[in-house]
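Participant: For reference, the chains in residue letters:
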Amino acid sequence: MTEFLTAALGFILAMLALGLVSILRGPGDADRMMAAQLIGTGGIAALLLLGAVTGVPAATDVALTIALLATFASIAFVKKGLPQLDADEAGSTEDR
Amino acid sequence: MTVATILEMVLAAVVLALGVWTIAARETFAATVGYVAYGLLVPLIWVRLDAVDVALTEAAIGGGLGGVLLLGAAARLRPSEPATAAETPGKIVRLSAAGASVMIAAALAAAVLLLPDPAPTLAPAAVANASATGLANPVTNVLMAFRAMDTMLEKVVLLLAIVGVWSLASDRAWGGRPGPRHQAGPHGVLVFLARLLPPVGIVVGIYILWTGANHPGGAFQGGSILAAMWLLVIMAGLTDTPAVGGRWLRLVLIAGPGVFLIVGLGGLCFGPAFLAYPLPPHAKPLILIIEVAMVSTIAVTLGLLLAGAPERSDQG
Amino acid sequence: MSFALDILTIVAVSAGAFFFLAGTVGLLRFPDTLTRLHALTKADNLGLGLVVLGLLPQAGSLRHGLKLVGIWLLALLAGATVSQLIARAARQSGSAR
Amino acid sequence: MTDTTIFGVCAAAAVGLGLYGLITNPQPLRKIVAFNLLGSGVFLLLGVVGRRGAAAGFGNDPVPQALVITGIVVAFSATALAVALLLRLFQTAGSATLRSDAPTSAGINPSGD
Chain A
15 MTEFLTAALG FILAMLALGL VSILRGPGDA DRMMAAQLIG TGGIAALLLL GAVTGVPAAT
75 DVALTIALLA TFASIAFVKK GLPQLDADEA GSTEDR
Chain B
612 MTVATILEMV LAAVVLALGV WTIAARETFA ATVGYVAYGL LVPLIWVRLD AVDVALTEAA
672 IGGGLGGVLL LGAAARLRPS EPATAAETPG KIVRLSAAGA SVMIAAALAA AVLLLPDPAP
732 TLAPAAVANA SATGLANPVT NVLMAFRAMD TMLEKVVLLL AIVGVWSLAS DRAWGGRPGP
792 RHQAGPHGVL VFLARLLPPV GIVVGIYILW TGANHPGGAF QGGSILAAMW LLVIMAGLTD
852 TPAVGGRWLR LVLIAGPGVF LIVGLGGLCF GPAFLAYPLP PHAKPLILII EVAMVSTIAV
912 TLGLLLAGAP ERSDQG
Chain C
97 MSFALDILTI VAVSAGAFFF LAGTVGLLRF PDTLTRLHAL TKADNLGLGL VVLGLLPQAG
157 SLRHGLKLVG IWLLALLAGA TVSQLIARAA RQSGSAR
Chain D
4 MTDTTIFGVC AAAAVGLGLY GLITNPQPLR KIVAFNLLGS GVFLLLGVVG RRGAAAGFGN
64 DPVPQALVIT GIVVAFSATA LAVALLLRLF QTAGSATLRS DAPTSAGINP SGD
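Protein chains in written order, with the working numbering: chain A, 15 to 110; chain B, 612 to 927; chain C, 97 to 193; chain D, 4 to 116.
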């Protein structure tokens, strides 16, 4: 079972890396903002599998922390990444 | 080559590739995004090294708060980028820098790989004295008891950093509020998230603090989650950043190191030495009191460090 | 019983890995920001959900299992909100062609 | 090949990368990012040392772990101060260059410590 989970973990990590390549290369900043989102899902999946493989149950707590802070990072991406959004009265433009 | 070895090589390769991107990317904003991704992936290595306490801290700081700090600065400094990009040093400088970096990296790798076997360690001593505090997590024991002086001074460093940041305010904004005032409509998506997530985040933060006594976790990791939740509420426009001149704010800022210092002096007056804790049944409650005072200080300090220097006067 | 649970783990984690593959293929192949965002959020959230489902039989205690489910719910909430915000930002900055 | 070998080399490479970026990148913010990368490599090195020194039934030596946690906090404080200084420089001078009129600006350390 451990072998299988390790292989799945390696596969998901490779997918994560490929996804990051395409995101970081991507033409606009909006593409790059997806990076934290990608880590928020793929990274957590990898971390949970790693906890099961390595026999560290506390890895779940790390995943919980990353889930919260990746969300925070994504929000900050959107708020700060596009200055025009923040400058011209963020409230009205963002909520329509 | 086992499956586990291949996995470790994939993990190291992904992390290093992100490191290369962080250094080599042309735009600063893109490089910073790469650093955030790097900071959120390094915890996997720490978990693999069986250091979950550090993994928690790296996840909270490296990826979360630190990444957001650098990202905000990159967005604000964007107009200055073309001017400074022209100052790239010449080929000779770059080549010699690359040479020096490779040499230092090789020396470090050799030093780590050629450590004497078995490596010198203080772990047995840390385990032998664990009963003195009543805490089961050895890392918390080292942080809060055996090297308590380091932890106390670390809080003083945080305090000095916030004093340094605040002293950069212009005369007009002295003692005022940091950052812009965010505004958002009452029915926006962001406001929805900022109402839903912080209660969960606060529970998780307190859980991480509480579990730190016996399992990986602790005041700093919990405090950074609380800080992130606070900033989320501020970014959604539900509340404003506090004026840095406020008395209550300053009281919270010194609560952590203050309580630590009082307990330490108590050890000097009633016990054998500075920061000496009393015998087992009383040590754990004292440490918990310090941790609770520290977590509020850490949450407020980290949040204000991210918010930056005051930019608006108190009324604005 | 434990054999059946192991089978469940293998099937669910494999399916989760497949959805991560689908998400990455979508990121690499789709032409513009909005479709790539669509590929990323749908496929990856489903992938994480399946991985969590697969790890549930391996979780030692009820508390651990509940934490796993909680992480997935948090990721879903974050994914839904953040992808909305990114899509809006992309549309306004005009990078979504 | 054990985990300490792989991650030890990875950590050393991160230090090298960070150092290279710190020297060659002209933008101060990039120098700060590079310095953080360097610091993260040093922390990882300590983690690998702690892993090798694992004894008394631990996966990783608790003493270096505690040192690294303290180090991460101090590095974050220094980064926050450096970023604040940089933003203030940009605000008052209108540019974020570290270059003064004197040709050598080698002594400037953007990390703030």
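Source of the hints: derived by calculation from the structure; they are not laboratory data.
Note that the structure is a prediction, hence the values are computed from the model and not measured.
Just so it is clear, CB atoms sit at the ideal spot from N, CA and C, and this is done for glycine as well.
Careful: at least some of the hints might be erroneous.
Okay, derived cross-link-like pairs now, SDA-like style, lysine to any residue, Cα gap no bigger than 25 angstroms in a straight line [said to hold, decoys possible]:
(1) A:K94 x B:E692
(2) C:K138 x B:V870
(3) A:K94 x B:L779
(4) A:K94 x B:K702
(5) A:K94 x D:S98
(6) B:K702 x D:P29
(7) A:K94 x C:D128
(8) A:K94 x B:R637
(9) C:K138 x A:G69
(10) A:K94 x B:R806
(11) C:K138 x A:T68
(12) A:K94 x B:T850
(13) B:K895 x D:L70
(14) B:K702 x D:L101
(15) A:K94 x B:S707
(16) B:K702 x D:L70
(17) A:K94 x C:A155
(18) A:K94 x B:K895
(19) B:K702 x B:A636
Beta-carbon label-pair distances, calculated as ranges [what the hints assert, rightly or not]:
(20) D:Q94 x B:L725: 15 to 25 angstroms
(21) C:L169 x B:G856: 39 to 49 angstroms
(22) C:D102 x B:D761: 43 to 53 angstroms
Participant: The structure should be examined with respect to each hint, and the outcome stated for every one.
Facilitator: Evaluated hints:
1. Only pairs whose Cα atoms come within 25 angstroms are accepted, and K94 of chain A paired with E692 of chain B is accepted, the gap being roughly 16 angstroms.
2. At most 25 angstroms may separate the alpha-carbon atoms for a hinted pair to count; K138 of chain C and V870 of chain B exceed this at roughly 48 angstroms.
3. The straight-line distance between the Cα atoms of K94 of chain A and L779 of chain B is roughly 22 angstroms, inside the 25 angstroms bound, and the hint therefore holds.
4. Distance hint between K94 of chain A and K702 of chain B is unfulfilled; the C-alpha atoms sit about 35 angstroms from each other, more than 25 angstroms.
5. A C-alpha spacing of about 20 angstroms is found between K94 of chain A and S98 of chain D, which places the hinted pair at or below 25 angstroms, so the restraint holds.
6. The hinted pair formed by K702 of chain B and P29 of chain D meets the criterion: a straight-line CA distance of about 13 angstroms does not exceed 25 angstroms.
7. A threshold of 25 angstroms between alpha carbons decides the hint, and for K94 of chain A with D128 of chain C the separation of about 22 angstroms falls inside it, so the pair holds.
8. Taking the CA atoms of K94 of chain A and R637 of chain B, the gap is about 19 angstroms. The hint holds against a cut of 25 angstroms.
9. Between K138 of chain C and G69 of chain A the alpha-carbon distance is near 30 angstroms, which puts this suggested pair outside the 25 angstroms criterion.
10. Between K94 of chain A and R806 of chain B the alpha-carbon distance is near 20 angstroms, which keeps this suggested pair within the 25 angstroms criterion.
11. About 29 angstroms separates the Cα atoms of K138 of chain C and T68 of chain A, which puts this hinted pair outside 25 angstroms; it is violated.
12. A C-alpha spacing of about 18 angstroms is found between K94 of chain A and T850 of chain B, which places the hinted pair at or below 25 angstroms, so the restraint holds.
13. For the given pair, K895 of chain B sits about 21 angstroms from L70 of chain D by alpha-carbon distance, which is consistent with the 25 angstroms threshold.
14. Note on K702 of chain B and L101 of chain D: the hinted pairing holds, with a Cα-Cα distance of about 20 angstroms set against a maximum of 25 angstroms.
15. Between the alpha carbons of K94 of chain A and S707 of chain B the distance comes to roughly 36 angstroms, so the proposed pair goes past 25 angstroms and is violated.
16. Using a Cα cut-off of 25 angstroms, the hinted pair K702 of chain B and L70 of chain D is violated, with the two alpha carbons roughly 38 angstroms apart.
17. Note on K94 of chain A and A155 of chain C: the hinted pairing is violated, with a Cα-Cα distance of about 39 angstroms set against a maximum of 25 angstroms.
18. With a C-alpha separation of about 43 angstroms, the suggested pairing of K94 of chain A with K895 of chain B is violated against the 25 angstroms cut-off.
19. For the proposed pair K702 of chain B and A636 of chain B, the alpha carbon gap of about 18 angstroms is at most 25 angstroms, so the pair holds.
20. Between Q94 of chain D and L725 of chain B the CB atoms are about 49 angstroms apart, so this pair departs from the stated range of 15 to 25 angstroms.
21. In this structure, L169 of chain C and G856 of chain B meet the distance hint of 39 to 49 angstroms, their C-beta atoms being roughly 41 angstroms apart.
22. Separation of D102 of chain C from D761 of chain B is about 46 angstroms and conforms to the stated range, judged on CB atoms against 43 to 53 angstroms.
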